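Combine both chains into one complex, guided by the hints.
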Amino acid sequence: MSDVKKEFVQLLANYGHVGFTFVASIIIGLGGGIYLDQKVFDGRTSPWFTFIGLAFGIAAGYKTLLEILWRNKEKQEKPKQEDKRIE
Amino acid sequence: MEHPILFISIILEKLGLPIPHGPVGHTFLEQLCAPYMTYTWLVMAFLFLVSKLTLGNLEMVPGKGQNFWELVIGGMDDFFADNMGREMADKFFPMIATFALYIAVANLIGLIPGFMSPTSSLNTTLALTLIVWISHHIIGFKEHGLHYYKHFIGPVWWLIPLLLPIELISNLARLLSLSIRLFGNIMAKETLLAILFMLAGSFFAPLPIMILGVLVSVVQAMVFVLLTVVYFSQAQAHAH
Numbered sequence: 001m002s003d004v005k006k007e008f009v010q011l012l013a014n015y016g017h018v019g020f021t022f023v024a025s026i027i028i029g030l031g032g033g034i035y036l037d038q039k040v041f042d043g044r045t046s047p048w049f050t051f052i053g054l055a056f057g058i059a060a061g062y063k064t065l066l067e068i069l070w071r072n073k074e075k076q077e078k079p080k081q082e083d084k085r086i087e
Numbered sequence: 001m002e003h004p005i006l007f008i009s010i011i012l013e014k015l016g017l018p019i020p021h022g023p024v025g026h027t028f029l030e031q032l033c034a035p036y037m038t039y040t041w042l043v044m045a046f047l048f049l050v051s052k053l054t055l056g057n058l059e060m061v062p063g064k065g066q067n068f069w070e071l072v073i074g075g076m077d078d079f080f081a082d083n084m085g086r087e088m089a090d091k092f093f094p095m096i097a098t099f100a101l102y103i104a105v106a107n108l109i110g111l112i113p114g115f116m117s118p119t120s121s122l123n124t125t126l127a128l129t130l131i132v133w134i135s136h137h138i139i140g141f142k143e144h145g146l147h148y149y150k151h152f153i154g155p156v157w158w159l160i161p162l163l164l165p166i167e168l169i170s171n172l173a174r175l176l177s178l179s180i181r182l183f184g185n186i187m188a189k190e191t192l193l194a195i196l197f198m199l200a201g202s203f204f205a206p207l208p209i210m211i212l213g214v215l216v217s218v219v220q221a222m223v224f225v226l227l228t229v230v231y232f233s234q235a236q237a238h239a240h
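Top line first, the protein sequences correspond to chains A and B. In terms of the working numbering, the first sequence opens at residue 1 and continues consecutively. In terms of the working numbering, the second sequence opens at residue 1 and continues consecutively.
For reference, chain B alone in the conformation it holds in the complex (with noise of 0.2 Å):
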């Protein structure tokens, strides 16, 4: 279920490439025009030039762009401290700090017409996450070393059998979870948008949809990096 109209399938569609019509292609061209991957494009070209226009020369006495960017930044950097100590901090903002605005605006492009969220589609979330996962696993392992894995089997021998299955289903838990739970909210904003533009779009019933389409990405965006500040600190942590 996506927007009945996305301009980037049009123009790509008059342009002569294949659009894959079902939700994933099957040539390696079409995978590559699906509208997901392309509106991607968009997010990520989105915020290079935006940040290229505003940031293009820094200044002692911020304009305008920078001293939105100061903010913005300023702010995430205190949130990540704020949760995870400073040298986690500073070590991990470039990776964090790009998803949080990777996912904020690819979540709020789709509440305009014409255009979707990338991340209403599993593949994204799913991609997002595995790094995520995966990254969380190497920091842990690289404190810890093989340690790490003790907190996998618990404090005593003989609890083995109970708390190795839980603590994997757990840790694996994490996976579906945080990529579903992205995937799902802006699918379902998406789907309600589509069938309310398609049921009643002329008396703008999509409108309250839209408010509440706000606050469920600005929260899911801030739900995926708390969650990944959370991982990354408790992964650093585990010491025990």
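This is chain A alone, in the form it adopts within the complex (with noise of 0.2 Å):
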């Protein structure tokens, strides 16, 4: 493979599952809040959990998000400081 095409590849590997590991992240949280009125509280809490549950699902999927882009960043940082290291 050419270098070009090796970047573009791991381009798509390093940012094409953020949509999808956000869009996850949300559903898990939803359904756990789901579960949790319907079959726990038998529906006496109705909408509360529901919520509670969207609302962590949505801040765990800005945190996964997050920690892909620092996680690339650090990846982008450290080759600058070793040539430092070398100079």
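Please keep in mind that the hints were generated in silico from the structure rather than gathered at the bench. Hints should not be assumed to be uniformly reliable.
Said to hold, decoys possible - Under the rule of at most 30 Å between Cα atoms (straight-line distance), these lysine-lysine pairs were calculated in the DSSO-like manner: (1) LYS150/B - LYS63/A; (2) LYS64/B - LYS6/A; (3) LYS64/B - LYS91/B; (4) LYS52/B - LYS64/B; (5) LYS91/B - LYS6/A; (6) LYS5/A - LYS64/B; (7) LYS6/A - LYS73/A; (8) LYS63/A - LYS6/A; (9) LYS5/A - LYS73/A; (10) LYS63/A - LYS142/B; (11) LYS91/B - LYS150/B; (12) LYS73/A - LYS91/B; (13) LYS91/B - LYS52/B; (14) LYS73/A - LYS63/A; (15) LYS91/B - LYS142/B; (16) LYS63/A - LYS39/A; (17) LYS52/B - LYS6/A; (18) LYS73/A - LYS150/B; (19) LYS142/B - LYS73/A.
No experiment lies behind these values; they were computed from the predicted model shown.
Okay, here's the thing in structure tokens:
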């Protein structure tokens, strides 16, 4: 594989899953909230745990998003520091 | 939704074995003969045979077959070492490299008419993901003991009710996103190819999608492997 293609595939691998992970977090949060409402408390607490779960899910989604960004930022800064050490 | 003709299923049916017509069979034998199972074995047999034939006897001056494998294995080894360090790469190379080869071949095999990708069934991808998910917890626990669970509760005690659900949800989201991404991408490719084959197969309509399918297969295999590497190195590095 040529260098451009390799970089393209690596970029896709690094950032291509951002959207999916975001959605997965929200779905798990919302699903957990609905489960608590409907199964554990039999619908007595009805909309509340759903909303709380949704909020936690969205927060977790943003957390994973930021984690991906920070991880790749660190990776980009690391080679620069190594260069400085050599100098 | 599958390819219209799966030749292993036809052969098995001629031999008198039951082939499930729904997505999942009812009896044990039917489940064993489900297309994703038979094609999983085909991919396994393919990997075994090809490596046996090309790597039968290792030589100092590599021939064609050995040269190919040295390129593949060397490339993967460098990639792992870059992302998770030499020590971890040496420790987990057999597992992750097997995943990479298996997923790549399993994705690409679906492009040939008469074959299907085993990874276009959620059962296969969920099994792979569960192995990765459980082993990254085991790595973290082995490395840090009970301190591993400290990163679930955050830095200060009064943030626990806020951070614990977030951390748990984002950890479980790995399980969901890793399995469903691979399954969804490959199943979409398979379904699209099957539909185009049925609609306009004689006008080569599936060809452009096949080119995209090669890219999707390689990228999805790489995404799976990269995320496995990242999760392993994160679990090992969580010292704070």
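- Query: Hint by hint, which ones does the structure fall short of?
  - Reply: Failing hints: none at all.
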